[in-house]
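Student: Add chain B to chain A, keeping to what the hints say.
Number of protein chains: 2
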Amino acid sequence: MENQCTTLLHSAFIVTQDAQRRIIEDGGIAVKQGRIAAIGAWQEMRHWQAQEVLELGNMLIMPGLINAHTHATMTFLRGFADDLPLMEWLTGHIFPVEARLKPEVVRVASLLGFAEMLRTGTTACVDMYLFESAVLQAAVQAGIRCQGGEGLFAFPSAACPHWQQGLEQTRALAEKYKGNERISVAVTPHSVYTTNDALLIAARDMAAELDLPLHIHLAETTEETAQSLSQHGLRPIAYAESLGLLSPRTIAAHLVDSTEEEHSLLAQRGVTAVHNPSSNMKLASGIAPLPQMLAHAMPLALGSDGPTSNNRMNMFTEMHHAALLHKGHSGNAAALPAQSVLDMATHGGARALQQHPLLGMLAVDAPADLIALDLNEPNMQPLYSPVSHLVYAATGMEVRLSMVAGEVLYRDGLFSRFDYPALLQEVAAVRHWVLKKQA
Amino acid sequence: MENQCTTLLHSAFIVTQDAQRRIIEDGGIAVKQGRIAAIGAWQEMRHWQAQEVLELGNMLIMPGLINAHTHATMTFLRGFADDLPLMEWLTGHIFPVEARLKPEVVRVASLLGFAEMLRTGTTACVDMYLFESAVLQAAVQAGIRCQGGEGLFAFPSAACPHWQQGLEQTRALAEKYKGNERISVAVTPHSVYTTNDALLIAARDMAAELDLPLHIHLAETTEETAQSLSQHGLRPIAYAESLGLLSPRTIAAHLVDSTEEEHSLLAQRGVTAVHNPSSNMKLASGIAPLPQMLAHAMPLALGSDGPTSNNRMNMFTEMHHAALLHKGHSGNAAALPAQSVLDMATHGGARALQQHPLLGMLAVDAPADLIALDLNEPNMQPLYSPVSHLVYAATGMEVRLSMVAGEVLYRDGLFSRFDYPALLQEVAAVRHWVLKKQA
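Residue numbers (numbering that gives the first Met the number 0), protein chains in the order written: chain A, 0 to 438; chain B, 0 to 438.
Be aware that a few hints might be false.
[Stated by the list, open to error] Which chain A residues stay away from chain B? Per the calculated CB distances, all over 12 Å, these:
1. F75
2. E167
3. N309
4. R311
5. S329
6. L382
[Stated by the list, open to error] Covered stretches of chain A (in silico footprint by chain B; criterion: 3 or more residues with CB under 8 Å from a CB of chain B, positions within the stretch not fixed):
7. 193-201
8. 314-327
9. 370-378
10. 385-391
11. 421-432
Think of the hints as simulated: they come from the structure by calculation, not from any bench. Beta carbons are placed, not taken as given, at the ideal position from N, Cα and C, and that holds for glycine.
Next up, chain A with everything else stripped away, as it sits in the complex:
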């Protein structure tokens, strides 16, 4: 039957993020086989026959947000060490615990991260960490959309004595999740300052061979630039370019210490840049030249980075910070308008994810990845501009429903795919393990 669907949603507002940035008042969405079958004014949608009708009332439906650079596992060290200079923080507090990491901790901590994401309206993420197979196991459990990659380093990690094993694991993961609707795999050399030529070239070749994204931290700090200049005689982006790492499959996180010439090159190569405002501020890495990147019409996405340097994984926070920080820093109150920021967290994230061309918008045939926010919360009242509220007023905790591929994963405090109270017990055990290891 043409007008039969699985789920029919009805709400006061729909922010479609489609090509026309249509905002529908009193709208409906018909979901069928995980995709959007129809979307429009409720008058045109009410005749749809649905197995389930979700009458959401005074809510706002929008595309699920996409976190384009994160390390979900790092919830396990949330608030463990703050307010410290970067190197003291990394070498004195984070690395020693990470050195003892094990897959079960990764699975539990990642699942907590995905719970936080779904709770706050993020339905997809681009992740990189150690024991990434355990991260993707948690992503499958949570039902979230995820691109994962095993972090590759020139030195041994808790997960891999040598990066070649990491590459083999990447190949195995890519094989395992080939054709999976929600899970995909990337090749993820950690950065230029923690790798070497051989590793980066092998990563580039595997990404090309298997047609996978290549996700890397790039130009995060001036220290990284100084080290790259000293080792290679090139700034990080030029060094990456010299090895052929920059292509439309590349996701470059941070780009804090980057120049207009470099933006021009990145735009030409089609690289997706990921801005991480909270992490850059908290670690005092510098302030990325986002207004200049925006002027170059580069593909731009937003990320939370890991929750040790944030300390949350909430894309509403990242949108808010992207919009505010660059106004304050540039002295221009018109910099980074709300719509541009929302585009970064939806369209930009979808480009980083490289899973489906219609992700990040609510349009016919797009995957039904969407969220609904309660407009009755006092901070959402009154409403003149939905996009303004999403960027400036919403905390993310107004989210009442998160859906991926047509499946409700979170609604009104409940996660559909896993036992959240049981997860909290497991998180308590992880915390105990961290404190014992430290002692």
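Tutor: For chain B alone, coordinates are given in the frame of chain A:
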């Protein structure tokens, strides 16, 4: 009876903010006649006889946050105009609507603002606006603690054709609320750039005569400095000093364009400085030299400013922004540590409020102004450092209970003093009025 109280609270954590910054695990608080009668480990507290026991489980109790500079009424224009240069925003969008303001709009919009504050853990605020008597009426209705002041301008406002009337209203309000437990009144000349010598001197004298706080916007932008230099031959802070405006009763909001020499003067005069990070960023007013102010050991508080330039009134957001912005701006990840920021939002706010010496901490004899946050939310897990979570991880929407002077004003989505769904109807009418006036 010695061990009888009105309310006994029991929770997993209590962040006392007392002189020792004690954090109590598995703690209890006994409330009697609006004050804290006892506080300590649950073992020592469980013998208290209470009319009501609030078993809060895995929650964190802390002092209610204090918003030290706000314009609660401005909720009525939340998201009405964003991403605009300051003068275009003010003169093209905000002032024309404000010119038609009326007390009933002020009452409704302020009540919405207080609802947002109580919902997100703010139990007291320092407010300045037009028709402030209607703001205080709403504060009484909500039950929130509030210091209010009628904004005084050299030009006619919607509320007052002449500032002398504003001063008379201030006197009348001070008389009306004299001895009130929760409501107090300040003399509030708007700023040095919207007033004149006569107004400022009269305001200073009334504050001294009636022993009231004096609350003013000061040194907010470089444009203000330029105007003050041109009109008075003095920078704004020096001009204020020349008129004798700086004293321990003075609350100076913003101080963005301020120097170390000026901080030294302000510290000497005992002025309370209020930092408004979100507003300063959104309006591109500049970045206040907060690390330098902190080094001067000045009394420092935090404010949301009005929700047109923010667009929220959430002190967890302000704490987060104060902690992150100045790390990013100064390049020092150790700048503005979490404890300093929490002190600003509690002790600093209490100093601005000038109501009770023990406000801002949970200690015996302090007013029972407290909030409870749900630690089971994913972003609050795991917990190593409560203070870190309050500043970096909490959105404010984890608040499940807000209490002022021993009275529960908000709990689990319900406001005890007013009909929130009815308020939303009134807010809808205000929105309609704004749009009609604009058309």
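Student: Does each hint fit the structure? Answer for all of them.
Tutor: Cross-check of the supplied hints:
Distance check for F75(A) against chain B: the nearest CB is about 7 Å away, which does not clear 12 Å, and the non-interface claim fails. Look at E167(A): its CB is around 33 Å from the nearest CB on chain B, clear of 12 Å, so calling it non-interface holds up. At roughly 7 Å, the least C-beta separation between N309(A) and chain B is not larger than 12 Å, which violates its mark as non-interface. Its closest Cβ contact with chain B, about 5 Å, brings R311(A) to no more than 12 Å, contrary to its assignment away from the interface.
Listed as a non-interface residue, S329(A) fails to keep its Cβ farther than 12 Å from every Cβ of chain B; the least gap is roughly 7 Å. With a least beta-carbon separation of about 7 Å from chain B, L382(A) fails to lie farther than 12 Å from that chain, contradicting its non-interface assignment. A stretch counts as covered by a chain when three or more of its residues have a beta carbon under 8 Å from one of that chain; for the stretch 193-201 of chain A and chain B the count is 0, and the coverage is violated. Counting residues of the stretch 314-327 of chain A whose beta carbon lies closer than 8 Å to any beta carbon of chain B gives 8, which reaches the threshold of three, so the coverage claim holds.
Only residues whose C-beta sits within less than 8 Å of a C-beta in chain B count toward coverage, and the stretch 370-378 of chain A has 4 of them, enough to reach three; the restraint holds. Interface restraint, the stretch 385-391 of chain A with chain B: holds (3 residues with C-beta to C-beta distance below 8 Å; minimum three). Proximity of the stretch 421-432 of chain A to chain B, defined as three or more residues with a beta carbon under 8 Å from a beta carbon of that chain, is established by the 5 residues found.
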